[in-house]
Every structure is written in structure tokens, then in C-alpha cells.
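Read left to right, the sequence shown gives residues 1 to 320 (my numbering).
Just so you know, these hints were derived from the structure itself, not from any lab. Every residue gets a Cβ at the ideal spot worked out from N, C-alpha and C, and that includes glycine. It is possible that part of the hints are untrue.
[To be verified] List of simulated lysine-lysine pairs, DSBU-like, C-alpha gap at most 30 Å:
1. Lys288 to Lys269
2. Lys159 to Lys288
3. Lys159 to Lys304
4. Lys304 to Lys93
5. Lys159 to Lys215
6. Lys317 to Lys88
7. Lys239 to Lys47
8. Lys239 to Lys288
9. Lys159 to Lys50
10. Lys47 to Lys269
11. Lys288 to Lys215
12. Lys288 to Lys304
13. Lys288 to Lys93
14. Lys50 to Lys304
15. Lys288 to Lys317
16. Lys317 to Lys215
17. Lys93 to Lys269
18. Lys88 to Lys50
19. Lys215 to Lys239
20. Lys288 to Lys50
[Stated by the list, open to error] Label pairs and their calculated CB-CB ranges:
21. Ser291 to Asp243: 23 to 33 Å
22. Ser23 to Lys159: 30 to 40 Å
23. Glu112 to Glu278: 43 to 53 Å
24. Val289 to Thr182: 34 to 44 Å
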Amino acid sequence: MKKFLLTGLVLAASFSMNAQETSETYNFFDPADCDANGWLWFDSAEKIAKYVGEGLKIQLLDAPFEIDDPDFPGEKVFPPSYADAAVKGYNTKGEEGGEGAKTGALVLALSEGRGWFDSFGGGFLVHMPDCASFDVALSSSEGSIYTELYGERSYVDAKDCRYIWNESDPSDWFPEDGPLTTEHYVEYLNVQSHAYDLTFGEGDVRDYLTFQGNKGENRTAVFYNRVTAPLYVHGIRIKTYTDVSNAAGDVAGVTDVAADKVAINITGKVISVDTPSEISVYNVAGAKVASAYGTSMDCSGLAKGVYVVSAGKHTLKAAF
Numbered sequence: 001m002k003k004f005l006l007t008g009l010v011l012a013a014s015f016s017m018n019a020q021e022t023s024e025t026y027n028f029f030d031p032a033d034c035d036a037n038g039w040l041w042f043d044s045a046e047k048i049a050k051y052v053g054e055g056l057k058i059q060l061l062d063a064p065f066e067i068d069d070p071d072f073p074g075e076k077v078f079p080p081s082y083a084d085a086a087v088k089g090y091n092t093k094g095e096e097g098g099e100g101a102k103t104g105a106l107v108l109a110l111s112e113g114r115g116w117f118d119s120f121g122g123g124f125l126v127h128m129p130d131c132a133s134f135d136v137a138l139s140s141s142e143g144s145i146y147t148e149l150y151g152e153r154s155y156v157d158a159k160d161c162r163y164i165w166n167e168s169d170p171s172d173w174f175p176e177d178g179p180l181t182t183e184h185y186v187e188y189l190n191v192q193s194h195a196y197d198l199t200f201g202e203g204d205v206r207d208y209l210t211f212q213g214n215k216g217e218n219r220t221a222v223f224y225n226r227v228t229a230p231l232y233v234h235g236i237r238i239k240t241y242t243d244v245s246n247a248a249g250d251v252a253g254v255t256d257v258a259a260d261k262v263a264i265n266i267t268g269k270v271i272s273v274d275t276p277s278e279i280s281v282y283n284v285a286g287a288k289v290a291s292a293y294g295t296s297m298d299c300s301g302l303a304k305g306v307y308v309v310s311a312g313k314h315t316l317k318a319a320f
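With these hints in hand, go ahead and build the complete structure from the sequences.
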């Protein structure tokens, strides 16, 4: 994977086109669950249950590589990522649970970490209606924290996201690459400022991929661990231009708008559309499990799970 250094001038030009300094922004999460500065901290089981998991706003990703199982030599396991409201993080001195350390985190599986081209560790995925800012609070037993960012300009799975940024070891070729901190705890601000030139600097028109997006420009953001130890994500603060703070579940499965401006909305287990349409619901095996014609359909009779909702020519994934 080639990495290209973006100059400050190019980055500034890119972001000036996307800036919406006069637009109102909203917390991606329910403000009632956040602190006075807008941070969502994973310090309670209730908040983890509300936001973390399949069909919810934060989807955890396991490491895509295998490691030796120390309890059963010779066997391989996939190290899991998980969320734990009681796990003790590290303070800036590297003391687990020491003074200033956070409690509660998304625990991202460790990375192989032998070089740029090795597999990354665990991560998390977020679907956003758009993105004004993206901040995360991290800690690790490792003294230097490395991350890798992937994303896309639509709602997709992690495997369909493209490379944006690798916070890896600095080198002669990429002197600005380097660890986020030389301590064990960092509040990594403005993650959306990283961008990747998909045109590789060729031609008159640059195509920059970044988490940042103007109002209504959907984004998938994937954040990977590149530390050779579990990486603790203690808090996340995301600001959007579209208010989805009280939306239930993964935003990609709550509201979506087709090219013809027909919207599908899901509130609880009720599907609604703004134009009378044939509404159909399919299970993950592709079998139709419910349908109706009109502007709404109650799916309270369906078992809890993930479904695909179709209205007219438009479809979206939903978690009931």
C-alpha cells in the first residue's frame, strides 16, 4: 500500500472547500449521555448497550489476523475487540488505573505491528450522515499510539472502505508520520483533518477522501488499532451537521434518502416513507418477511434482528 505525504498547503486547500464554519453542528450521540464538553465516555454498561454493537451507532471490528493461543500452543485464535465499562486504562505515565486514568473503554484487539504492510488490529466503524469533527480519547500500555484510518463517502461495510491515513513510524520518506503521543494517554482531536488524495496528485482535479463531509454527505469512518497491545478507546466525540443525536441504532439503518428525495425513516419498529410506496422487509437470507403499501408499516411482530427494508427502488439495512 502506497502512502503519500500531503503538504499543509494542499490539506488547507482541501478543507477550505469542505468548511461549514457558519453551519450549526450537533452531537452525534444523545447529549444526555455526554459530558459538558460533548464527550461520550464508555464508563457505564447502559451507554455501551445503547451505542455499541451490531445495528447500533458503533460497530466493533475484530482483528483480521490470527495469533497463537497461549493456552493451547499451536492453535490459532482471532483476538476479539470488546467493550467493558469497568476496564482500567492507562495514565500518561503508563500506570494502569493510575491517577488520571480513565475507566471504561472499547478495547480494540492488538495489531501484529511489525511494519506498515502487516495486518492491523481491531477497530470500530461508524456510519455518519455527515461529519464536522471527529475526536477520540485513547490509552495503551504501549508508550506510542499508532492508528490507521479508512473510510468511504457512503454507508458501506468495513471491507469496502478505502485507506485515508496511517499514523505509523516516521521515516525519511514520510517524516510527518509518527506516533500520536510519546505518552500512554492522548485525546486525539480532529481526526477528520486527515485526508488522502485518491488521484495520487495527478491531474488538475484532486480527489480527497476524508471523514469530513458537508451536510448530507454520508460517511463511513473506520478506526483501526496499530499498537502491539490492546488499544483502549475511552471516549468519542463526533459533531455532525445533521441532527441524529436521538436516532436509535446505526444511522445507516434509521434514515436514508434516495436520489429522488424519497426518504425511508425508521422509528423503533415503525417504517415510514414520505411518498406512498410498496414497503417490503427481507431477512438476512433474502426472504420477504413483511410487506405493505402506503406511507408506514409497523414491524413490531418481527423478531429482533437485522433486516433489509425496500421502498420503491431504494433499500437500506435496519436493526429492529
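Hint-by-hint comparison with the structure:
1. Lys288 to Lys269: holds (16 Å)
2. Lys159 to Lys288: holds (26 Å)
3. Lys159 to Lys304: Distance ~25 Å between Lys159 and Lys304 Cα, so the pair holds.
4. Lys304 to Lys93: violated (44 Å)
5. Lys159 to Lys215: holds (25 Å)
6. Lys317 to Lys88: Judged against 30 Å, a Cα distance of about 35 Å means the pair is violated.
7. Lys239 to Lys47: holds (18 Å)
8. Lys239 to Lys288: Violated, at about 37 Å.
9. Lys159 to Lys50: holds (25 Å)
10. Lys47 to Lys269: holds (21 Å)
11. Lys288 to Lys215: violated (34 Å)
12. Lys288 to Lys304: Roughly 15 Å separates the two Cα atoms, so the pair holds.
13. Lys288 to Lys93: Given pair Lys288, Lys93 is violated - Cα atoms ~56 Å apart, limit 30 Å.
14. Lys50 to Lys304: Cα-Cα ~15 Å, so holds.
15. Lys288 to Lys317: Cα-Cα ~14 Å, so holds.
16. Lys317 to Lys215: Measuring from Cα to Cα gives roughly 21 Å; hence the hint holds.
17. Lys93 to Lys269: violated (47 Å)
18. Lys88 to Lys50: holds (21 Å)
19. Lys215 to Lys239: Holds, because 11 Å separates the two Cα atoms, which is no more than 30 Å.
20. Lys288 to Lys50: holds (28 Å)
21. Ser291 to Asp243: 23 to 33 Å: holds (31 Å)
22. Ser23 to Lys159: 30 to 40 Å: Holds, at about 32 Å.
23. Glu112 to Glu278: 43 to 53 Å: Since Glu112 and Glu278 have Cβ atoms about 49 Å apart, the given range 43 to 53 Å holds.
24. Val289 to Thr182: 34 to 44 Å: violated (54 Å)
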